[in-house]
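Fit chain B to the known structure of chain A by using the hints.
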Amino acid sequence: MENKFNALIFSLLIIFLFPFAIFAQSENSKWGKADYSYQMPDKFEHRDYNFKEKNPGRFILKSFLNAYWYFISDVDGDNCSFDPTCSHFFLLSVKETNIVQGSLMFFDRFTRDMDIFGKINRYPFSSNGHYYDPPSLYMLKKDSIKYIPPSIIVKNE
Amino acid sequence: MNKILFLLIIFSTISFSQESNSAKSLNLFSPQNIKKFADYLFCQHDYIRASIEYEDFLKSGYNDTAAFKVGMANLEMGNFSIASKKFSNISKISVFYNISKLEYLRANFRTGNFNYYRNLYESENLNRDYKYFFEARELYNFSYLFSDITLPQKKNFLSSFTKEEQPRLNQFYDWKINPPYKNPVTAALLSTVIPGLGKIYTQNYSDGIFAFITVGLLGYLAYSDFHANHNFRGWLFSALGAGFYGGNIYGSAASAQIYNAKISFQFFNDLKNYLEDHNYFVPLINFCK
Chain A
2 MENKFNALIF
12 SLLIIFLFPF
22 AIFAQSENSK
32 WGKADYSYQM
42 PDKFEHRDYN
52 FKEKNPGRFI
62 LKSFLNAYWY
72 FISDVDGDNC
82 SFDPTCSHFF
92 LLSVKETNIV
102 QGSLMFFDRF
112 TRDMDIFGKI
122 NRYPFSSNGH
132 YYDPPSLYML
142 KKDSIKYIPP
152 SIIVKNE
Chain B
4 MNKILFLLII
14 FSTISFSQES
24 NSAKSLNLFS
34 PQNIKKFADY
44 LFCQHDYIRA
54 SIEYEDFLKS
64 GYNDTAAFKV
74 GMANLEMGNF
84 SIASKKFSNI
94 SKISVFYNIS
104 KLEYLRANFR
114 TGNFNYYRNL
124 YESENLNRDY
134 KYFFEARELY
144 NFSYLFSDIT
154 LPQKKNFLSS
164 FTKEEQPRLN
174 QFYDWKINPP
184 YKNPVTAALL
194 STVIPGLGKI
204 YTQNYSDGIF
214 AFITVGLLGY
224 LAYSDFHANH
234 NFRGWLFSAL
244 GAGFYGGNIY
254 GSAASAQIYN
264 AKISFQFFND
274 LKNYLEDHNY
284 FVPLINFCK
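Chains as they are written, first to last, in our numbering: chain A, 2 to 158; chain B, 4 to 292.
Quick caveat, the hints were computed from the structure, so don't treat them as lab data. Errors might be hidden in some of the hints.
Claimed, not checked - Only pairs whose alpha carbons sit at most 30 Å apart, straight line, appear in this in silico DSBU-like list of lysine-lysine:
| # | chain 1 | residue 1 | chain 2 | residue 2 |
| --- | --- | --- | --- | --- |
| 1 | B | LYS157 | B | LYS95 |
| 2 | A | LYS142 | B | LYS185 |
| 3 | B | LYS104 | B | LYS39 |
| 4 | B | LYS185 | A | LYS143 |
| 5 | B | LYS185 | B | LYS275 |
| 6 | A | LYS120 | B | LYS95 |
| 7 | A | LYS142 | B | LYS275 |
| 8 | A | LYS142 | B | LYS134 |
Looking at chain A on its own, in the form it has when it is part of the complex (with noise of 0.2 Å):
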């Protein structure tokens, strides 16, 4: 009867600590719970380094930004103070436009980045807390420009 009640016992101890073993929190795994980054992720983990260009003259101009982006603009960090950024902008001024018309936005742009005292006064936030300043108001087309008041914040992808 004791030995029964022995086993019982034994038995009992078996099947509770085993699975407190088992399924028990390590130290790490419980405190690394608390490690959750809210910081936003960079922008250059969506950049899109693709050499899928048709035209030789992008060809050409994607694969100088790529490799700037690749060797100087990521390491740097996320340092741009617009959105899109000065090289994203100069890619997609050369994709609405011409090679000639992109650059001179480009430069135009960059002008702009240096002005460090005007910009909160002039250009809405975009989402990621960037100067928001899209290639399309720049186009030269009164029909492409949709002027939006520096207090908003744009929703930007």
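Below, chain B without anything else, positioned relative to chain A:
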């Protein structure tokens, strides 16, 4: 003591018990109660649920106040075509008929299709016998400011507005006739003469100053490098300087266009705010006293 307590409990239970008859007679879904609830929702600005409740109430029979308020609720929610339909269905014998006609015009005005609105107003053939003739004419004349059609003579335009309204309307009229736009060609030419001047012309002062410094600095570097026989650096800085110079000329023209878009945006924003402040010239009816 126990007996007294027992009696007290029994007595109070019997005295304050609910009568089953009175509970049965309280019908929360009677038409009058639905209307009361709809009125409450309307005054709480819960227009979606208010219009649903009013529609439910109207199934029990026509009521011009409820029908008018359905129109008002839809107008507040921005459902202009539904509101317009609701206002046009108000019976001629109703006390709300005159104001409904005005609200009908306002609903069509707010759709933003001003040509359609103007045709609609003209087809109504309103005359001075109509109670709200002057209010309707005010909104009609105001619609000129939103359209691209030729404005009437200033005197005729202003005559439909009250003396208090005329100074502001005068400003709007002058803006519409002669908007304070900047010329993109002038901006580009100014930047050709002095880098950055076009940007200053379009009121982007700091941009203009930075453009002047950038082009000036690159020009100086190119000149000094050529002077010191550093030809490669000279050409490099020349090319960069030329790029920034050209970019600034281009950017000044673009900046003028953006300035003009901003001015237009502000003008239409001012017009909308003015209309909101004046309730689109429609007399206010307070249903929630």
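Hint check results:
1. LYS157/B - LYS95/B: violated, 36 Å
2. LYS142/A - LYS185/B: holds, 15 Å
3. LYS104/B - LYS39/B: holds, 26 Å
4. LYS185/B - LYS143/A: Answer holds: LYS185/B to LYS143/A is near 13 Å, not above 30 Å.
5. LYS185/B - LYS275/B: holds, 24 Å
6. LYS120/A - LYS95/B: violated, 58 Å
7. LYS142/A - LYS275/B: holds, 26 Å
8. LYS142/A - LYS134/B: Answer violated: LYS142/A to LYS134/B is near 47 Å, above 30 Å.
Hint check: violations occur at hints 1, 6 and 8; the rest are consistent with the structure.
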